Amino acid sequence: MKRRDFMYTAALGAGVLASPIPIIGRNIFSEELLNPGMDVATKKAMADVALNTARGMGATYADARIGRYLNQYVFTRENMVQNTVNTESFGIGIRVIANGTWGFASTNDVTPDGIKKATELAISVAKANSKIQTEEIILAPVKGHGEISWKTPIEMNAMEVPVSDKVDLLLEANARALENGADYISSALFLVNEQKYFASTEGSYIDQDVHRIWPTLNITAIDKSSGKFKNRQGLGAPMGMGYEYIIPDKAEEIKGAGDVVLYRHSYDIVADAIAGAKQAKEMLSAKSVEAGKYDLVLEPNHLGLTIHESVGHPLELDRVLGYEANYAGTSFATLDKWESGDFNYGNELVNLVADKTQKHSLGAVGYDDEGVKCKKWDLVRDGILVNYQAIRDQVHMIDQNESHGCCYSQSWNDVQFQRMPNVSLEPGKEKYSIDDMIKDVEKGIYLVGRGSYSIDQQRYNFQFGGTLTYEIKNGEITGMINDAAYQSNTQEFWNSCAKICDKDDYRMFGSFFDGKGQPGQVSAVSHGCSTTRFNGVNVINTGRNI
Amino acid sequence: MSIYTKEEAQEIINRALKFSSADGCEINLSGNISGNIRYARNTVSTAGVNSNQNMTVQSNFGKKVGVATIDEFDDKSLEKVVKRSEELARLSPESPEFMEPLGPQTYAESKTHIQKTADITPDFRAQVAAASIDPAKKNDITAAGFFDDSSGFNAMANSNGLFAYNKNTDMNFTVTMRTNDGTGSGWSTRDYNDVSMFDPAEASMIAIDKALMSKEAKAIEPGKYTVILEPAASIGLLQNMFFSFNARSADEGRSFMAKEGGGNKLGEKIVDERVTLYTDPFHEKVPTATWTSGGIPRKKMMWLEDGVVKNLAYSRYWAKEKGVEPIPFPSNGIMVGGDASLEDLIKDTRRGILVTRLWYIRSVDPQTLLYTGLTRDGTFYIENGKIKHPIKNFRFNESPIIMLNNLETLGQQVRIDGNLIPYMKIRDFTFTSLSDAV
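Heads up: the sequence lines are chains A and B, in that order. First residue of the first sequence? That's 1 in this note's numbering, and the numbers climb one at a time after it. First residue of the second sequence? That's 1 in this note's numbering, and the numbers climb one at a time after it.
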């Protein structure tokens, strides 16, 4: 009974650590979140201790990451605050190549002596592993960037906003949901600030200040007489933004089909709580779907997760090559398919791009965790598989000589490796609204927000549900339905793409918790798209009588 | 860092408690040393050793609670962390569900620490990897695996005189073996408190055999099939079912355990009468700590007996609200099995499917505990008592409640992920689509 213990704590919604995020670091006062931390000149001097020690011990390459990771979480349910947590984690991770083999060690003792010892340990790990290492490490060239900095373009640092304001906002959302028919509601706010300093023997000293925010809602409506209950998740998304994301801005709202209101770069959590309460109640009496083939109109906060699972993961080069075989799995998108130059991942409407520079996204940084300047590149162009996601020691395996810049570690304490960049579906070129997606559908379903999701270990077969599901008949939304989940195959699904809304409907879905590796690490990633239609997809009925 | 003895831990915590001036103070002290090795493509990819130690101090003034942590235990640091938790408590809003620290409790000694596991070296980990990679290479197979081990302690004390201590070791191993033509894949896992029970070559050979046996799988139609679920296949669904044994969400009307018209399903028969499931921290094969993180003693506890719900977990707060004794959430799951071996179960099956494991299990409907996921790494068609041929993987949509109502036969128990679960033969298990994944 180990694997999900911490999730159980979260499900209970009570107790001191009611967090779905493993809480890392020491607890601090909220005021301390604003302390500047170690100054850049000192960080450079500390990083140089690591680099010089590594060089002196024969390393052919070394990098040092000094990280200060700040988190603030606020948890509420109904009319009470369950917990507020502020944490700080600070230390240095040192990675080296010695005897042609990677070595890594980390320490929270960020002093010349502590760093020297950790570097020596990293070298000794590399030398020990070199005895059983059989693959040569070839690093793609990277230019030294000198001393530079990058910061998430935020308007308001969420850490500067008093905790009491955050509590008041969440309790207001809860109160309004309860007034509008919710039986229970949990809401939370997760704030992250990664202050990362990277230095390498290639001549880079990069100081980055990364901000992320995630407001969540879970609204429950119950019919006691029948024993039925329904949950409706919030329609906000985690974003690479400051507190401005949860300041309502009508200009950032999008009117979806039916009575659904959707959000782009500003989330009105109170309005969504009110709408969510009404919708959760409506679900209690909605009819059950009839299984069969449907045209699916997928809203971006829903389709984003399908992109994540069916495009983001299978195009990670380490999965393709077998490095993740024992955990997340391998990939159907094998090298021969890419080499053929004519593998139809989707039809000609489908253009999927990787982008570590996209404004407001969770994956946006200036430089990755091995000092490569971030960029945007094609994965699927006009339906054809054209590239993967790869880092410095991988790109030579696909005959390229420039890293894609998607190396990441969740903290100073973990070694960096290839992680999924933001992967997004380009909006359609023709002007289409959400109504244009629906009006010529005879028999269809409109799915909104994140629901159930599952995909196989090579990313062929998947099943997804939404948090809101509506029936479309003869070009119109006719009402809410229950028990609908669609099952498809990745290549078949992307080849059934029929129509994509234009850029005016484009927005991002995101996840704070993309998991990978053993020991596991999490990474935050966004997926953008516009509302998109897929024709003739198999829908099953998931209702059961017990 | 050190794995502190009971006496050392008590001395450190007592020094910290002396600095407390709050209404209540509860201190948890823990330390852990862990090591791991990861391999893929028949070579080692990463290896590491991590250690950490941590003290968490929770102070309360009435229902205002503050928590602070520290990893240094000299007097100055201890005073600082206690005072910090008190300052945070004074600034916090009231926590309506806060419960006062428990008074002194009596705990039995646990059986969770085995010195041999605590003594695992980097060389041993490298040998584990080699014991997988060498036979893989000989069989034209590529091995990918992960071995990790840990040794640690937890201690807890509070201002009401409670003190608890436990030492623990464990190890986990998983390996995936894939044939080099990409058409076969096998997997196995082992977990123990005592590493001397672990044979990496034996576990690796099972995965190799499954990989070779699963080459060139045939597609059969999805539908309802009799299945033999290895414990690694059923555990994911059973764990998800265990997590619904929560009185509060049931009483609130939002779980499978909620009853039509209000209340919960305590005392109701929900699955086949041969299903008996309990927790026992003293079980020789799956020992756990004898107290919870809140200091409640753990004891043997029945959850399902003869198919009837015997207990639900009550937090201290919810127990007080409902006027009952708190019942901690299960630390391990032990499901009563039968005598049949896996071979016996196959021999007695006319038509069926042997499932090695289920993967990517996610909730579809919390109302009925419906889950979806896929078979992986060894799925075989059985006909007339024999494994006939490998089959392509399936997606399932199934509820553990329906699964345990459709029980045909219980087999022998196997330790899996800290639990003891039998092989099970189940009729009418619902597969809804085919997957091309190997």
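Each hint should be verified, as a subset may be incorrect.
What the hints assert, rightly or not - Below 25 angstroms or equal to it, Euclidean Cα-Cα: the simulated SDA-like pairs (lysine to any residue) are: (1) A/K143 / A/N218; (2) A/K293 / B/K80; (3) A/K117 / B/I70; (4) A/K224 / B/S363; (5) B/K18 / B/K80.
Said to hold, decoys possible - A partial selection of chain B residues facing chain A, derived with a Cβ cut-off under 10 angstroms: (6) N54; (7) S255; (8) N384; (9) G385; (10) H389.
None of these hints come from the bench; they were simulated from the model. It should be emphasised that the depicted structure is a prediction, and the values quoted were computed from it without experimental measurement. In this text, a Cβ means the ideal position worked out from N, Cα and C, and glycines have one as well.
Problem set entry | Index of numbered hints that the structure contradicts, given in increasing order | Hint check: 1, 2, 8, 9, 10 fail, others pass.
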